[in-house]
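Q: Chains as they are written, first to last, in the working numbering: chain D, 66 to 525; chain L, 17 to 125.
A couple of the hints might just be wrong.
Claimed, not checked - Now the in silico label distances, taken between C-beta atoms and shown as ranges: (1) D:P422 with L:A95: 47 to 55 Å; (2) D:E242 with L:A92: 23 to 31 Å; (3) L:L48 with D:A323: 48 to 56 Å; (4) L:L29 with D:E151: 35 to 43 Å; (5) L:V85 with D:W110: 27 to 35 Å.
What the hints assert, rightly or not - Pulled a few chain L residues facing chain D out of the computed Cβ check, cut under 8 Å: (6) F20; (7) G46; (8) I49; (9) I54; (10) I55; (11) L71; (12) D80; (13) A81; (14) A96; (15) I104; (16) V106; (17) M107; (18) V108; (19) N111.
No lab work stands behind these hints: they were computed from the structure. In this text, a Cβ means the ideal position worked out from N, Cα and C, and glycines have one as well.
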Amino acid sequence: MNTLIVISVLALVVLYLGLFKAGKSLLPVSVMGLLLALGLAVAEWNVNPAPIYKGMMLFDNFAIAFSAITILGTILILLLSKNYFEKISEHVAEYYTIILFALAGIMVMVSYHNLSMLFIGVEIMSVSLYILAGIKRRDFASNEAALKYFLMGAFSTGFLLFGITLIYGSAHSFDLEVIKQYVLNNANGGISPMFYTGLSLILIGLCFKIGAAPFHFWTPDVYEGSPTLITAFMSTVVKTAGFAAFLRLFITCFAPLADFWVPTIIVITALTLFIGNITALYQSSFKRMLAYSSISHAGYMLFAIIGLGNAAINAVLVYATAYTIASIIAFAVLILVKKQTGSDNYEGFNGLAKKNPFVAFTLTIAMLSLAGIPLTAGFIGKFFMFSSAVAQYQIWLVVIAIINAIIGIFYYFRVIVAMYFKEGKNLILATPIQFRFVLAVSAILTLVFGLYPTIISELI
Amino acid sequence: MDNFVSSIQTVPLNHYLILSSIIFTIGVIGVLIRRNAIIIFMSVELMLNAVNLLLTAFSAYYGDAAGQVFVFFIMALAAAEVAVGLAIIVMVYRNTSSVDINILNRLKW
C-alpha cells in the first residue's frame, strides 16, 4: 500500500519541481521515485493478504504482480520522454505529474476490494488520460483524440456505474467478499435478475475500457491521434491495468455464474480477434497498425478471463508483460523514426537496418514477440493463453485464435521486410542513450522470458 | 432524516428502478444520436444522475449509508470530469470554431 502513497506524493513533488524550474531533475526524480515504489511493492510479497482500510483495498500477490508490471512499464516509457515533452510545451512537469497520477489510479485499479474503489481508480486513470491525449493543443489529431476519448470514456463510465448500482441493489454491498458470498448463497436460482443486468452492464463498461470489439471503435482514432509516447502508455500500461481490474472482479465475484457470461465473452473474443487482425492488415500507418494490433492482443488476453483460476492470472501476467515490453520497443522505434522522417508510415522504415543495425534488430525481436514466434516472450504468453482455453474445452476458440495469430504474422513481418529488404533513404537515426537502454533492456527481457518462462509463470 | 427516509420509502423500490432506467436510457440515446459535443456531454451527465438517484433509493431502502457515500464520490468525480471535458471542448472549439462531432472525422482508415 506504501506504493500508492509513494506514487501520489511523487506526483506532487514533481509538480513542485516544475514550479521551481528544476527541469533537468524531473526525469531522474520520477524514475527514482518509481523504483522506490516498485521496491516497496515487491517488499510486500506474501506479507499482507488481508483487506485494509475497512476492506477497501487488498494488496495481495495479484495486486503486487500487476503493480510491478505497470510501474516497470511506466519507468521504461518515462525514459523515452527525453526531449519529447519539451517540444510540445515548456511546462514539462505537468506531463510527468499527470502520468504519475494516472499510475496512482492504476494502483487503485489493480488492488481494489470494493466496487467504489474500482470506480475511483478507473476515473483517476481516465481523467488523467483525457488530458494526456490532448496535450498537443495546436494539433488537430490530438484534439480529436482527446475529445473522442473523453466522450467515449465518460459514456462507458456511465455503464460501469449503472452496473455497480444494480449489483449493490441486489447484494446490498459494494464489498467484493460480500458480493461473492451473495452469489455463492444464491447460486441455485435465487439471484435476482437485477444482478444479471448489472453484471452485463459492468461487462460492457469494462470492455469499453480495454477496447474489446464491438466496443473498440474509439481505440484506433485515439491511439493514432494522441502523441506517440502517450499512445505507448495507453496501449501497454493502461491496457494491462484494465485487464487486471476485469480479472479481479470476475475471478473473485462472478466465477460461479460462468455459465451466464462465458458465452458472451467468447463472442466478444472472437469478434475482437478478427476485427483487430484483419483491419490491421490494411493499414499503411505503423502507428495505426499498432493500435489495431493492441485490439487483437486484447482479444488474446480475454482468453484468460474465460479460463479463470490461478492459471489464468499467470497467463495474463505473462502475456501482459510480453506485450508491454514488445510494444514499448515498437513505440520507441516509431518515436525515433518519426522524429527524423516526420511520418509514421511503413515507408519510413525502408532500409533502416543498413545504418541502424541495433535499432532494427530490437524492433525485429519485438515484432517476432508480438507475432508469437517461439523463443520470444510473446510465444510463451500465447502458449499459456491457449492452454488455459484448451483446459476449458474451448477448442473452436483456440482454432480461431491460431488463424488470427497467422494473420498477425503478415502485418508484423511487413515492418521487418521493410527494414531489411527494401531500399530506403539510408537515414541514420539519432539514438539517445536512454533509448538504447530501453531498447536493450526490453529486447533482453523478451528473450529471457522466451527462453526461461518459469521465471515469471509460477509467480502467483 | 427519518422523515426523509420514510417519505422515500412511500414510493415502491421498483418505481425508482424504472424511473432511473428510463432516465439512463434517455442519456444513452442522447449520446448515440446527438451530434453536438455539449449535448452529448449533458446526456452523459444524465446517465450519471440516473445512477445517483437509484443509489440513493437503494441506500434509503436498505438503511445502508454506503450507497449515499458512493453518490458523493460520483458527484466529485463527475465534477472533475466536467472540468477536464469542458476544457477539451473549448480547445477543440478554438481550433475548429465548432463543437459538432461530425468534423471529427480526419482520423479514418
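Q: Please go over all the hints and tell whether each is borne out by the structure.
A: Outcome of the hint check:
no.: 1; hint: D:P422 with L:A95: 47 to 55 Å; verdict: holds (53 Å)
no.: 2; hint: D:E242 with L:A92: 23 to 31 Å; verdict: holds (26 Å)
no.: 3; hint: L:L48 with D:A323: 48 to 56 Å; verdict: violated (31 Å)
no.: 4; hint: L:L29 with D:E151: 35 to 43 Å; verdict: violated (57 Å)
no.: 5; hint: L:V85 with D:W110: 27 to 35 Å; verdict: holds (32 Å)
no.: 6; hint: F20; verdict: violated (20 Å)
no.: 7; hint: G46; verdict: violated (10 Å)
no.: 8; hint: I49; verdict: violated (13 Å)
no.: 9; hint: I54; verdict: violated (11 Å)
no.: 10; hint: I55; verdict: violated (11 Å)
no.: 11; hint: L71; verdict: holds (5 Å)
no.: 12; hint: D80; verdict: holds (6 Å)
no.: 13; hint: A81; verdict: violated (11 Å)
no.: 14; hint: A96; verdict: holds (6 Å)
no.: 15; hint: I104; verdict: holds (5 Å)
no.: 16; hint: V106; verdict: violated (10 Å)
no.: 17; hint: M107; verdict: holds (6 Å)
no.: 18; hint: V108; verdict: holds (5 Å)
no.: 19; hint: N111; verdict: holds (6 Å)
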